[in-house]
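The hints should help you fit chain L onto chain C, whose structure is shown.
Top line first, the protein sequences correspond to chains C and L. The first sequence: position 61 = 61 (the numbering used here), numbered continuously. The second sequence: position 192 = 192 (the numbering used here), numbered continuously.
Take the hints with a grain of salt, since some may be wrong.
[Stated by the list, open to error] Straight line, CA to CA, 25 Å or less: simulated SDA-like cross-link-like pairs of lysine to any residue: (1) C:LYS153 - C:ILE98; (2) C:LYS272 - L:THR114; (3) C:LYS227 - C:LYS248; (4) C:LYS128 - C:ILE98; (5) C:LYS294 - L:PHE137; (6) C:LYS97 - L:TRP149.
If you're looking for bench data, these hints aren't it; they were derived computationally from the structure.
For reference, the chains in residue letters:
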Amino acid sequence: MSIDLILSERFGFRSFRQGQREIIEDVLDGNDVFAMLPTGSGKSICYQLPAYLLEGIVVVVSPLISLMEDQVEQLRRQGEKRVCTFHSGMPYHVRMKILRDLTRYKILYVSPETLQTDTLSGTLSRMKVALFVVDEAHCISQWGHEFRTDYLKLGEVCNRIGRPPILALTATATVNVRNDIIKLLNLDRPEMHIYSVDRPNIAFQSEIAETTNEKMDILIRYVQTLKGPGIIYTSSRMVTETITEALKRNGVEKTAYYHGGMENDDRLLTQKQFIYDELDVICCTNAFGMGINKPDIRFIIHYHFPSNIESYLQEIGRAGRDGEESLALMLYHEDDDFIPERLITAELPTKKDINHFSVMVDVDKPDRTLFEQSITSLNLSETAERFMHFHVEKFFREEERDFQTWKNQLVEFIEKRIKEKRERIRYMKKWILSEECKRESILGAFSEKLVTRPLNCCHVCGLSLEPYKSSKEKSPRPVIKSWEEELAIIFHQVNVDV
Amino acid sequence: MNYLDAILLLGISRMDGERTTSGLFHLFNGKKSSQTVQDGRLFHLSHLFGILKGYRFNDFQEKINELHHDGLIELKDGTYPRLSESGRIELQEQMERRPLPPSLDGWRYGDFSTVFWRRLTLFVQTLSYTLHEDHHFHPIQNNPDTLQWVKHFFPRDKQSRIMASSLLFNELMILLQKMEDIDAENVVLRLTRSGRIGQTALQVAERLQLDPMECHIRFQSALHFMVEKILDGQKSYPVLYIFLKDMKQSYALTGSTRKTYQLINKGLQLEEVAAIRKLKPSTIEDHLVELAIHVPEMDIDRYIPESDQIRILEVSKILGTKRLKEIKKAFGEDYDYFQIRLTLAKHEVSHHMEKEG
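For reference, chain L alone in the conformation it holds in the complex:
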């Protein structure tokens, strides 16, 4: 079994027949919607958020079909995948042999590390070539924002370039030494310098003799680790911190949700926010659920009284499900979907503050 299959099994085991294939796909594909964000929390899969970015749904579906065909999963009601007994054994074996790296946190650091890596690789390439007096090299990034950023921050004269080079070397050395050698190598091989273009994902996997998916996940995890350390210890990594500084405020929340949050804080009602923002009330509801997940001080009592929250949580526990439909059915018209989602979102977080594994 390859590592991609193992990751899929892990996702399916966590969702355990409560979401369709596309629910899992959106999460792994890194879709920024309130629903996937919630699912990430609810099923403890946030660390794998966006791990299959760029993957096509058809290919994903194909993989799921293969797992089904191999008897590793069952399809509840035809569309809700859950593990079969042999799937469970297989997953356990896989995770014992090749556990997920502990630093992996796609939801928190995925976006940061993408931008960080683009900037770093281009900056390092430019540094290496200009120090070799080669000013006509072919840049290995083409994203206009990245090009713009490097242009802006790149040191103007030779003396400061030499300085930047030595500082960056030291900071990266310290960071990389904290990792296993294979992970440090995974990072360093991908950097481009004068005389050697960086290796592609596949080339690195071949060299390190890792399954491509395992190599990818280890690399992502290494980046997340670096970003986390840099943000935590700005003073120890002053140069690398520059690569992240401007992104820090965009922490976790989507842009639109942040606007909604500002209005809610001014005391506006849900409908008023919807009217002002010219959005559907259901969209604002999505934002509120997202806020309930990410903002600890977010108070949901004005949308559903605390006693009712407790009722909902109890029923969810008794039924042993987080599926909205089933919980809603149990209450009839007492609560709407929004109230149930909000309650689950809020309490899921406070009960699981511990790190996801």
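One chain only, chain C, in its complex shape:
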């Protein structure tokens, strides 16, 4: 069957979108492939379609359980039942059943962490794996080095399961990150498919505030006038709450905050309220966004800037997936500078921590348990702790162990990572303050040149805010009836007299 026929019969599309055909053909030829396609351009078809033609199972590594569930859900709705997820949140008996019947499935979604388990990788090694897909592959480079260190072991696992061809997919990766991914996954002379990260329907605007109070005023003014729905990103949980209160006080009623410190139930409710348009504005940390598939987000505001330009692009890329005009607004005040700096130093252990560590453990007779315990007593951030565990594990895997060498390399590595991260912050900041076209310079970060300039490009090139303004008054919250009436509506008992 031709790939065009499968596309229309299975996926209901008449033609391929940019890049899809070329990528699929390379995948079917058995090549390693690196593909960078902008968000919302149908990346998943690049492995879902080949699954129908290849012999064996397609293993997809995905960073978030919710992302995996979404994909499976969507495929099932299309009538494809031979897909499943496998992750630690599933009940034991369900997982065992999947393992027993694994050959029945065409596509398996896993997290990098579960893939490490012997039960799963063992089963996979005894069967034919047709393709190994790493979705959101930039996570390898972005998170792999510190807090999701299982990402760094994907190359190894891939060898263990018979080294099938690898497809690495991402929406945002600079040249450095691309090279990092290729190296870490051990891609073999990959076919590169790089498409522009430019999103012509997103316009750039920045405002530099003199004081933090002024910044808050600017924010409120924008949110009052802009057309929703929209997202405001900040770097701290507390600030999400402060901003939400300020907005509500200023007439933006349908606003809520979202951060990792909230109860799970409330997080889910807030997400769904946003998806179902019951909220106009979500004020959040970067915990919000991945896996939120809402096509009509009209603005993304950064109240604090992220620590690198890829994260920034990921975050603004959530706007305008429906192709309609959307706005990316950056608010800046010089006090913001220390925030990403503080974040990156907390993400890694310091030299002092490492020295402290080497005093606690017995250097001459290394004992794994004592090593692990000593990590805990360092009182590190969660990220830094994971980082230490990963490197201790690496140390004990080596046959000829030399603590001093290990330690020196570790300190060197940390210094190198911090330097790289500082460099990326510096780049981000340079972009914010630069007087050049925002679109051109963001494309420059990805070694791209701007081909066509959209009418509404950025505030440097000249930008009219009119298309982004709200024509109607912000709608008030719906009136809720008595609880008895509400209960009757919930259960469709509208005819019942209450």
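Positioned in the frame of chain C, the structure of chain L alone reads:
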């Protein structure tokens, strides 16, 4: 003063300098250890067990520091909080103005109500959407067990869905009418239906104009009330009972303690149980103390003779403390900590069978 502070003061007043801040934290945070379970009984705080689930210790400590700074509590020996005179007055005022709801029973119904609520909200959402012929909605729960449960119990055809909807409506109506309107509203606003996602804790508190902590406690209490009524009157709530049926046997005891209990009942000695279960004897001791609290027929005389139990209780009364260290000091080497804990646990329960307030 906000309600959270009032709750903290209540906890501190009950523990009265006999436990550290972290002792109180574990209890409010719902840590399932024999020590917290005992403390709950000992200090009559079981109803508040797990009321601050998910709270971080650092934040908790911060709150305690604030209370100290405001002069509402004193720190005995630097780490054991107890109320100051102004704290006592403040607490009394608060509890008169906003008393704890009587149905609150975190230890007994906390776990039940968490699972019950997850199942109910997802079930109700699914019912509402499918009756509107919308099968592609976004579920408001993501816990795999809950998803699995609803999948299993959800009626297959439209006729039985309509039936389930009307039955559930009636049962919930009866239950909710037994509450104050504000509490019924607290529950109903959080449910999700087609056309309206449920309200978050904060949104409900704003709408009902309650302090967030008070709103939270009232909601928990409403859930505990519902669970209690459903378990007591299965025949009156046949549909809602399905949401709880499979959880009933896991009553109160932790899983590991239940295993220990089975072995003890076979006549095995403490050390033998430890060896079989490959656990430390001190862990088995914790289990025995937990059993002494929760199982009325649990006989502790084989671990400490009755006459010795009486001695320990008397000394505890004379010294006016439940702190193990002080009681132990009074006896020197006569008894070990385990025997003292066991005695206090057993007798505390039999002397306080009345409902905690």
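These are the hints, each one checked on the structure:
no. : hint                : result
1   : C:LYS153 - C:ILE98  : 24 Å, holds
2   : C:LYS272 - L:THR114 : 20 Å, holds
3   : C:LYS227 - C:LYS248 : 16 Å, holds
4   : C:LYS128 - C:ILE98  : 16 Å, holds
5   : C:LYS294 - L:PHE137 : 13 Å, holds
6   : C:LYS97 - L:TRP149  : 17 Å, holds
The structure shown violates none of the earlier numbered hints.
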